[in-house]
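Student: Under this note's numbering, the first residue of the sequence shown carries the number 61, and numbering increases by one thereafter.
It is possible that part of the hints are untrue.
[Claimed, not checked] Under the rule of at most 27 Å between Cα atoms (straight-line distance), these lysine-lysine pairs were calculated in the DSSO-like manner: (1) K129 - K325; (2) K224 - K188; (3) K237 - K185; (4) K65 - K336; (5) K130 - K325; (6) K188 - K241; (7) K224 - K248.
[Unchecked claim] Here are the in silico distance ranges between beta carbons for each label pair: (8) G221 - Q256: 28 to 34 Å; (9) D158 - K237: 28 to 34 Å; (10) E189 - V335: 17 to 23 Å; (11) L275 - Y192: 24 to 30 Å.
Source of the hints: derived by calculation from the structure; they are not laboratory data. Ideal placement from N, C-alpha and C gives every residue a C-beta, glycine not left out.
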Amino acid sequence: MDRIKGLFFGLSIGDCLGATPEGDEPQIPVEFQSDIPSKIEGSDVTALGLCLLKSLIECRGLNVDNLGKKFVEFFDSGPSSLGNTESSAFYSMKIGLDPRECGVSSGGNGSLLRCSPLAIFYSAKALKEVSYLQTSLTHSSEFCKACDFLFLMALHMALEGLEKGLIYDRVLEEAKKLNLKVYDALNKLPDLTWEQLETSSFVVDTFSSAFWGLLNTDSFEAALVSIASKGDDSRACSALTGALCGAYYGADSIPARWLNNMDHKEEFENLLSQVK
Numbered sequence: 061m062d063r064i065k066g067l068f069f070g071l072s073i074g075d076c077l078g079a080t081p082e083g084d085e086p087q088i089p090v091e092f093q094s095d096i097p098s099k100i101e102g103s104d105v106t107a108l109g110l111c112l113l114k115s116l117i118e119c120r121g122l123n124v125d126n127l128g129k130k131f132v133e134f135f136d137s138g139p140s141s142l143g144n145t146e147s148s149a150f151y152s153m154k155i156g157l158d159p160r161e162c163g164v165s166s167g168g169n170g171s172l173l174r175c176s177p178l179a180i181f182y183s184a185k186a187l188k189e190v191s192y193l194q195t196s197l198t199h200s201s202e203f204c205k206a207c208d209f210l211f212l213m214a215l216h217m218a219l220e221g222l223e224k225g226l227i228y229d230r231v232l233e234e235a236k237k238l239n240l241k242v243y244d245a246l247n248k249l250p251d252l253t254w255e256q257l258e259t260s261s262f263v264v265d266t267f268s269s270a271f272w273g274l275l276n277t278d279s280f281e282a283a284l285v286s287i288a289s290k291g292d293d294s295r296a297c298s299a300l301t302g303a304l305c306g307a308y309y310g311a312d313s314i315p316a317r318w319l320n321n322m323d324h325k326e327e328f329e330n331l332l333s334q335v336k
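Can you make the complete structure from the sequences, with help from the hints?
Tutor: Okay, here's the thing in structure tokens:
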């Protein structure tokens with residue numbers, strides 16, 4: 061359970077930690093102010109991850125109709141940070157379209173950022189099918205489908221306690237079968253410097269940034285600070301890095317100063333207590 065909590069706490073903490081530098085120019089990591097402002101709340105990244113987690117618990121698995129209703133409820137709440145792709149898909153669901161037909165051909169990172177809960181509900185063999193289905197509700201791009209599944213594959217291995225080098229090797233091998241652009245991005249990571257790393261909202265960049273953080277640092281804190289300090293879409297990239305590194309290192313590795321200001325901590329704990 062420590063690693064499962066680490067996954068979700070890391071997602072929320074990364075979401076909040078990346079809020080301040082979002083859109084900024086990169087800052088040298090050691091000079092980056094690595095505290096979460098106490099009044100910063102989680103964005104749609106955390107909220108949509110919660111939507112999926114709640115739906116999975118209620119339905120004991122992926123139920124796209126139930127999940128679609130939760131997306132519409134969130135859409136109707138008037139979130140300020142919702143991306144255009146999600147807004148378009150959720151509006152289509154709201155007016156009665158089948159959620160399976162609402163996906164937009166976008167290379168954005170929205171579906172990737174909310175997919176993490178699937179890793180604790182499905183076996184490694186079952187992940188690809190449910191991952192592709194969940195992704196396609198909003199993002200129909202092949203880049204998104206590949207990145208979402210590969211990320212879930214990595215989370216699954218991290219939760220099982222596999223060593224990071226082995227996780228990377230297995231994901232790289234699978235990426236070569238799925239999408240060569242994603243494979244090329246992953247293959248470059250071991251030699252990529254912090255200055256060269258891209259942290260944009262393009263799904264391949266966001267996906268790659270989380271792996272860079274895991275591979276090129278030696279702690280949850282170092283990974284989060286390195287990615288958040290890159291600016292650009294730091295909120296999304298930090299959230300994804302937090303999920304992966306939280307699953308790898310566990311909740312006990314997260315600094316207390318971040319846990320104390322974490323948004324939705326009690327809600328996540330209550331929900332996770334219902335996971336069998």
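Student: A separate judgement is required for each hint: does it hold in the structure or not?
Tutor: Results of checking the hints against the structure:
no.	hint	result
1	K129 - K325	holds, 24 Å
2	K224 - K188	holds, 21 Å
3	K237 - K185	holds, 16 Å
4	K65 - K336	holds, 14 Å
5	K130 - K325	holds, 20 Å
6	K188 - K241	holds, 19 Å
7	K224 - K248	holds, 16 Å
8	G221 - Q256: 28 to 34 Å	holds, 31 Å
9	D158 - K237: 28 to 34 Å	holds, 30 Å
10	E189 - V335: 17 to 23 Å	holds, 21 Å
11	L275 - Y192: 24 to 30 Å	holds, 26 Å
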